[in-house]
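Asker: Here the protein sequences line up with chains E and V, keeping their order.
So the first sequence is numbered by our numbering: it starts at 1 and just counts up by one.
So the second sequence is numbered by our numbering: it starts at 1 and just counts up by one.
Hints should not be assumed to be uniformly reliable.
Said to hold, decoys possible - Here are some of the chain V residues that sit facing chain E, going by a computed Cβ distance under 8 Å:
1. K56
2. D159
3. I164
4. I176
5. G256
6. G296
7. I299
In case anyone wonders, no lab produced these hints; they're calculated from the structure.
Just so it is clear, the structure is predicted and the values come from calculations on it, not from any experiment.
Beta carbons are placed, not taken as given, at the ideal position from N, Cα and C, and that holds for glycine.
So the chains spell out like this:
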Amino acid sequence: MGGATMTTFLIRRVLQSIVVLFFVTLITLWLVHLVPGGPVVALVGVRATPAQLAYYNHLYGFDRPIWVQYWRWVSQFAQGNFGYSLKNNQSVASEIQQYLPKTLLLVGLGLVVSLAFGIPLGIYQAVKRYTVGDYALTWVSFLGYATPTFFVGLMLIEWFSLKIPLFPSQAPQGTTVGQILSQPRALVLPVFCFAFVAYALWSRYMRSSVMDNLVQDYVRTARAKGASERRVLWGHVFRNSLITIVTLLGLSIPTLVAGAIFVEVVFNYPGMGLQFYMAAQNVDFQTLMGFTVIATLATILGNLLADVGYAVLDPRVRY
Amino acid sequence: MSLLTPPPEPPSVGAPPEGAPDGTLTSAEAADLGLAPAAKPRSMLRRGWEVFAENKLALVSLGVLLFMVAFCFIGPLIYPTDQVHTNLSDYLCHPSASHPLGCDDLGYDQLGRLMVGGQTSLEVGFAAALVAVLIGTLYGAFAGFVGGTVDSFLMRVVDAGLSIPYIMVVIILSVIFHPNTTVMIFVIAVFYWFAVARLVRGETLTLRTREYVQAVKVLGGRKGRAITRHVLPNAVGTIIVQGTFAVADAILILAGLGFLGLGVSAPATDWGSMLSGGLQYLQSAQDYWWLIYPPGICIIVTCIAINFIGDALRDAFETRLQRR
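Okay, chain V solo, but in the shape it has when bound:
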């Protein structure tokens, strides 16, 4: 279990009730019951999407996430600001028409800074999650399939990796490498994948013993068919869900490192580093709210949205299985 991922069991807020509440059948249910002529079987992704789309909170979250991505990556094209050269004449300037969210202590426009910082946070979040999930999946699936002594050897390595408190090892790696954005991705991923590996290995072990996988063997199907047609498609759900939570974890870890002054080096920034900069003005007589609330809210909103999406994805993959 990773540091920040919610436990896997609870259903999401606003989870759709099972079946149609008024007793009528949806077309999908009708098709499943054989009441309607079955059309071409819909793809797994499509069924998954339908369940996902029923969850309004997840749709809103997806919209929020897309908005944040657009804000950070397209925003600077619409609202260009100089985020490289400091401008001390704008030192901590208050929000005004020319600077809607004011400026920070180096004279950077805070709204533009949010976009640039968000680029780092989102890039590192998604890339670190992707790297960790890829390594963890390969490692875990290999351990699970091979089994035996090799498996227990590989899993002790994972146990060891998970025993070292993640935050400490990430701090040490940041001190060693003074990471830029690219290196930061690996600093965050290099110890995160252990958690993914353990999960995928467990999933592989469970799936291997499922009746429908056993049935393939009994019916004379090849092992390759069992893996590609049954094990992988079912494990993909778990992996994607875990990957989604990993994105939120990575964004939070990066924010934490930034707050500790170990984030990406200036003039690059991320939301956590921006908060760290705002902290020293917290106790001043003036209220510099724009130094603290905007980056903080960006982190929280993004991570909540990602968590809700992950939750809905879990429901989508599970419900899809139930409906089949």
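If we strip away everything but chain E, and leave its shape as in the complex, we get:
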């Protein structure tokens, strides 16, 4: 791909993301306005008196035209002001600062474990397709798709903590990442719960990706040139299949968010997911909205990186 084409593609893709960002903020603002009583109730809570409501309505400009509100809201976000949680008496930005690293730790460890199982087993399934081993692993990943994350967590606690007391049933507690890491035994169950769900995803995609690549012309060429099966698999197919996984990582943020919420709730892991759940229980819209916008930004960025990464890694891609 020529440099000019790549630049054009990048510019177009970034512009697209900006348009998406515009629509996302509109949708989020619409969500805030869906709250019965309007955004002011979302801010000060359902127990506020009419006088308080009127006061804050004016103070925060919710009585102004909608485009003024929109501009205000967006510019506040751009300045890192994601709202203020009256329920926690803490700014949403500082909540994120406090909980995001711990969630990233959980997701990161879960990803490493799930990829460590998912990629090799996916390749195994593709190479030994339609054998007993393939069918058995297919069942495992179907189980991964059909089992709610929280039920996986419940089963892990029931069997590996209560019936066979190997690990603590509660996730590590602590305010810093270091404190969490200092209790590795307590991390095992949450990380494996997270990994099981993600495993189904990677192994499935790896299997189909390797199977797709195995019938490509370049594989036939490599075989015709006398390359060994090992070389065909690891030198050619594996590397090309990995591109799919790299792309998928960028696209999988919504799935990872869902996994993090349920795992953190089941194991009482002190991260963003648990905080989000508690905000839902407390009807704390500021936290709910702030976290959602942050996760949405991460998703848009992930999609962008996936596309760019795909273009960079796969020289066949032309735009």
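We have chain E already, so just place chain V on it with the hints.
Answerer: Coordinates of chain V only, in the frame set by chain E:
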């Protein structure tokens, strides 16, 4: 791509081998080869059903799904229980002749509760999938057919809808609306259709450029004929398959919301809410297995069955095309 739907490529477990293994021809193949006098051409649905029926796992799954539906909707007629009034004298009673699966912490008979909860889960699952597929299909097909600037505008909206993590927006909507069963259908569908729209739009774009659709144009056929005779029948397969997976997704999402305490309000319940109720007794000294395993297994079995059916439907629609 939705949250929970398996990737589209892999064939199902137990996929039928191509053609008859012993080298003999089935009657369908014989007909296709012109060896037998061709009878009246069989309808698309019939051919699809034949391929589907060859897949034993899919047939079993269909049976399981029908059983679950019968269990939830006909079961209460055979096994009537009071699922409205609490009965604290039956608090967490053990399984016995009068309560085959025991009772929960409000004294509801657990077997009867499974049926009532299953009604909610299945109703919401199917209805939410239907709503999402209808909206998504219309939107996606429109975008695909119109193309150009309108298409890219409409698709940026879809991109935006898909960028907001689905679980978060569903949780927020549940907090806002305190949904009952009907509202829950829309809470689940209102952001799910984006995924369907993107898929149908892609399918429409591909089908528009297929040779057989182009051929209609070259032969002087009307555009309407190309759409009704060629594009729609071929897109229907994708839409139905996607709709099937959407049912499983919706059931899982509802279960998740129920688990988070954001499901339908009492005395109504669903399988996820039942699990949520059982969680607090997990650590107690007594083993209240009936609070956790029955609803969990119901969710898993139903969703696996639906996934297998979806897989077989995909094979059926694809194979039908190959055999034509």
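Asker: Enumerate the violated hints, using their earlier numbering and listing them in ascending order.
Answerer: When the structure is compared with the hints, only number 1 turns out to be violated.
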